[in-house]
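Visitor: Residue numbers (the working numbering), protein chains in the order written: chain A, 5 to 245; chain B, 5 to 245.
Be aware that a few hints might be false.
The list treats identical chains as one, so a pair stands whether inside a single copy or across any two.
Derived DMTMM-like pairs: lysine to aspartate or glutamate, alpha-carbon spacing no greater than 25 Å straight-line [what the hints assert, rightly or not]:
| # | residue 1 | residue 2 |
| --- | --- | --- |
| 1 | Lys161 | Glu54 |
| 2 | Lys161 | Glu231 |
| 3 | Lys161 | Asp87 |
| 4 | Lys161 | Glu59 |
Rather than coming from a laboratory, the hints here were simulated on the basis of the structure.
Computed from a predicted structure; not experimentally measured.
There are 2 protein chains.
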Amino acid sequence: MALQLAVSSVILALRPAPDDGPLTLWLPLVRRIREPYEGSWALPGGPLGEACGLEQAARDALSSTTGLDPAYLEQLYAFGGLDRSLAGGAGGAGGDDGADQADRVVSIVYWALVQAEEDQAAVRAHNVEWFPASALPDLAFDHTQVIDYALARLRAKIGYSPIAHAFLPAEFTLAELRAVHEAVLGRELDPANFRRQALATGAVEPTGHRLQGTRHRPPSLYRYRAESVATSPTPPPRSAS
Amino acid sequence: MALQLAVSSVILALRPAPDDGPLTLWLPLVRRIREPYEGSWALPGGPLGEACGLEQAARDALSSTTGLDPAYLEQLYAFGGLDRSLAGGAGGAGGDDGADQADRVVSIVYWALVQAEEDQAAVRAHNVEWFPASALPDLAFDHTQVIDYALARLRAKIGYSPIAHAFLPAEFTLAELRAVHEAVLGRELDPANFRRQALATGAVEPTGHRLQGTRHRPPSLYRYRAESVATSPTPPPRSAS
């Protein structure tokens, strides 16, 4: 059978842009060590092992690439167009494939959000490097399109779900929450409008505490209500994931 | 390679419940003609052909099962747990599989919404029958869980997207829109609250027409704004679907 099945992961973290810029999205890529696209960057992943579940394969790639556990992990999409082959201009998995070059590749892609400090995001594994999502190198296969789709999903989802939770500490100010939304959306948001809309959803609630510090009027701290976070994402059937 | 790849589809239509009951969700199932689960009902689908794209495979199953084009078609999920095999109690595709019974099966499942009149929904193909989603027979493999997940996705999505559009004519009354939401959610909604919320989203707008009929005060007709429908679902990359 000439169909190969691979699992790849788009792993996203929020960190300051280079030169202490504003918060922005970063993701780790793996440099390919064999043809095709030898020397190019690609998403972490590889062929699905017979004894490995889909989500476990994504977790394994995340762990070996970053040493991190995901704050959020969800299946993104199964890409399986007829033009996806390891030999052609599309398809395939990142670091290590091992499939015949003429095979058509169906890739099941996960996306993960992680909380990565700058030092944690340093090179954890050989051939791994983090890039700002807005300044990616040329990528192998169709991985640029796959990343664009993951970013579109994140930008859509932050509008109707409490997914920003994955990027925040347990308690946060509304300014910090807004900074996460601005970094994901790539544009500034009006503070007063954002505050009103964020509180209207009912997803966050004041903790009763204020930010510790030296300011005259320290801002209030908020947290996500447990029930709003627990219901996202809709879990797939346990036995079938 | 002991991994088999299949594509299955959960196809949903809205029609009156049996005995002229309220609108409810129906879906077509295929009676299996071979072991395992010979004689049981299963989702339409089968093994992915080497020359067939994923979405095309879903469209082919939809067409051969119902003779209909989908008003909405989206990838639901790739199910690939280790316990999914054609021999075991889970996994696999519906009508015709053709895989060795010891193989592990990864199923990429699509969900489709169709507008099926009662006569169109009559048996279109041999071994196909429509069932109310609330009164399904025992299903082969893990297909009951797969259907539950599709229903959960639809119920979540109708809360934040214009997906009800797929079940409605071009112009509709707010009572018809509410009936779609009630049928999907499986519960009655307060008419005044529903009207206020539906108009607040900005997804629908009055057409300026009223329902033709003999009533003293015929209700106003609405339509979805083109831009609200055009953006759902988020399209995957064209070359990779």
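Visitor: Each hint: holds or not?
Guide: Status of each hint after checking the structure:
1. In the homo-oligomer, the alpha carbons of Lys161 and Glu54 never lie at most 25 Å apart, since the shortest distance is 32 Å inside one protomer and 33 Å across protomers.
2. With identical chains, the CA atoms of Lys161 and Glu231 are at most 25 Å apart both within one copy (17 Å) and between copies (18 Å).
3. For the homomeric pair Lys161 and Asp87, neither the shortest alpha-carbon distance inside one copy (29 Å) nor that between copies (31 Å) is at most 25 Å.
4. In this homomeric assembly, Lys161 and Glu59 come within 25 Å of each other (Cα to Cα) both inside a single copy, at 20 Å, and across copies, at 23 Å.
Checked against the numbered hints above, the structure violates hints 1, 3; every other hint is satisfied.
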